[in-house]
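Participant: Top to bottom, those sequences are chains A and B.
Counting from 3, one number per residue, gives the positions in the first sequence under my numbering.
Counting from 3, one number per residue, gives the positions in the second sequence under my numbering.
By construction, these hints were calculated from the structure, which means they are not laboratory data.
Careful: at least some of the hints might be erroneous.
To be verified - If the Cβ cut is set under 7 Å, some of the chain B residues that face chain A in the computed set are: (1) SER42; (2) ALA294; (3) GLU298.
Remember, predicted model here, so these are calculated numbers, not experimental data.
Just so it is clear, CB atoms sit at the ideal spot from N, CA and C, and this is done for glycine as well.
Protein chains: 2
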Amino acid sequence: MNRLLSIACFGLAVVVVSGCQHAAPPTAKAKAPIMAEVLSNSTPADWRALDPENTIYMELASGRVVIELAPAFAPNYVANVKALAREHYYDGLAIIRVQDNYVVQWADPNAEKPDKARKIQHAHATLPAEFDRPFDANLPFTPLPDKDVYAPEVGFSGGFPVARDPHTGKMWLVHCYGMVGAGRDNAPDSGGGTELYAVIGHAPRQLDRNVTLLGRVVQGMELLSSLPRGTGAMGFYEKPEQMLPIKSIRVAADVPEAERSNLEILRTDTATFRELIESRRNRREPWFQMPAGRIEIGNVPVPVRVRGAGATKKQQ
Amino acid sequence: MNRLLSIACFGLAVVVVSGCQHAAPPTAKAKAPIMAEVLSNSTPADWRALDPENTIYMELASGRVVIELAPAFAPNYVANVKALAREHYYDGLAIIRVQDNYVVQWADPNAEKPDKARKIQHAHATLPAEFDRPFDANLPFTPLPDKDVYAPEVGFSGGFPVARDPHTGKMWLVHCYGMVGAGRDNAPDSGGGTELYAVIGHAPRQLDRNVTLLGRVVQGMELLSSLPRGTGAMGFYEKPEQMLPIKSIRVAADVPEAERSNLEILRTDTATFRELIESRRNRREPWFQMPAGRIEIGNVPVPVRVRGAGATKKQQ
């Protein structure tokens, strides 16, 4: 009993959207579907394969973390992370920090020891910040119908959570769970991708426009989020033996096709995705007594599945 | 280098709040303090000890999870959880579910097997829902100055994140990271505290007013959040050997004083706490390039420290 939060229940609540309740029988249109139904009604065109040229694999002893890169928002950082991966810069580096409800971070543990630090061959050590980008009406953007605490508009573009400000003419990626960014020192241009982090807690939106986001974990998030928290200041591991080695980071295009993670992601520029947002704003599963009627961007899932499986990998 | 997100940097940004920048030298009042300064300037009266009668300890092999209970919001559930603890109902039960970016849940693994299920002696198996409570102007309430996506008003009451709706005359606890609630089946009155959960991800605010929250983890959160994720549907562990045994749950008042966790929490009904909120709305640490100027309730920390230590246990 008490199997709390039975959010995957596949019951179907019929909701008459017309005011004429006495006249209209429930029609297909009048049913507000739950997410499982939205996904099972989706067509192949609602999904897109990950682009191997904009996907990286972080290989850990525990498995693979798949990160989709966001060249539309951080073109130079994305190019540099790929360049670093292609010169095998990250191989043998480590996860050095896990701060609860905040970030997992990986880097060269010897980055501050000039004699021991990993040498960069062709990539850049640092780059100018890419905290935001000019507003581009040609970039797909599916807005959330609800307000946001931090930005004038939020929504999704190419699978990524995005904010826009029509007044400043800027748009930017936002710090939701699983987003990946490039660590930096105090100077805005002191990052470059040699040190990366992923969000493992409540969306730390105060970081938006303060640090360059460049991608999102689309599979293997639990390999990062379940790591032991570091006991040093800000969650840094205090002893080298606590750090988790990174076997390698590779651009998916450089991995033999048979060894790639064959994933596809629900497109976010479709009627299906808008329907999914609605299914999460108003939860119609029988467990819910009071649908919220609104949603924060951090609570909108972007489903991922194994290609051709026809079933979602993850339904939260 | 690149020690990203150096949010604990103790630098001091001087901000002149007056428009007369040419006239006024920076004064103490004109300095916007960072959180570390707010805390180091706090007085003993800004802190309160946990009430042992409204604190429970969940003992795991890895350590102790300390949960502060919220009798002002869920009086009957709190009383029942204490009654269950006092009859040792939870001892030997287990963590049965860890769903990434969602919840950790503990219960009787045999709850649905009548012959094997743990028997309740004096406590209640189920209770009427306590999803919200009547608005009470006498309850302390420190509002956030910013809007909330889900509720007309949010703020803090007695250390807990709370929403209020003046129109319906209701107030309720909200699902922030670390909040603890009572699992239930589809019927609103099917919970009672035999099955409990803690939030380990982005605040799942869609659960607000759908399930009874009754407390908050104030120490030991990382013992829950870093657990291996369950691979079954909704993060349930699939094999008994994956479940993490609960050694015991005790009311702190029943634990010998020398064995209690001697913690104190920053009061949330003080000028100091309002100053802390402001220090998090506008981050003045030198790392930040663009203070957000606003904050979501899920991003407001409620500091906890060892009593008499004079230093915060945790600064995120």
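Participant: Each hint needs a verdict: does it hold in this structure or not?
Facilitator: Each hint tested on the structure:
1. SER42: Given a least distance of 15 Å, the restraint on SER42/B is violated.
2. ALA294: With a minimum Cβ separation of about 5 Å from chain A (threshold 7 Å), the hint on ALA294/B holds.
3. GLU298: Interface hint status for GLU298/B: holds (5 Å vs cutoff 7 Å).
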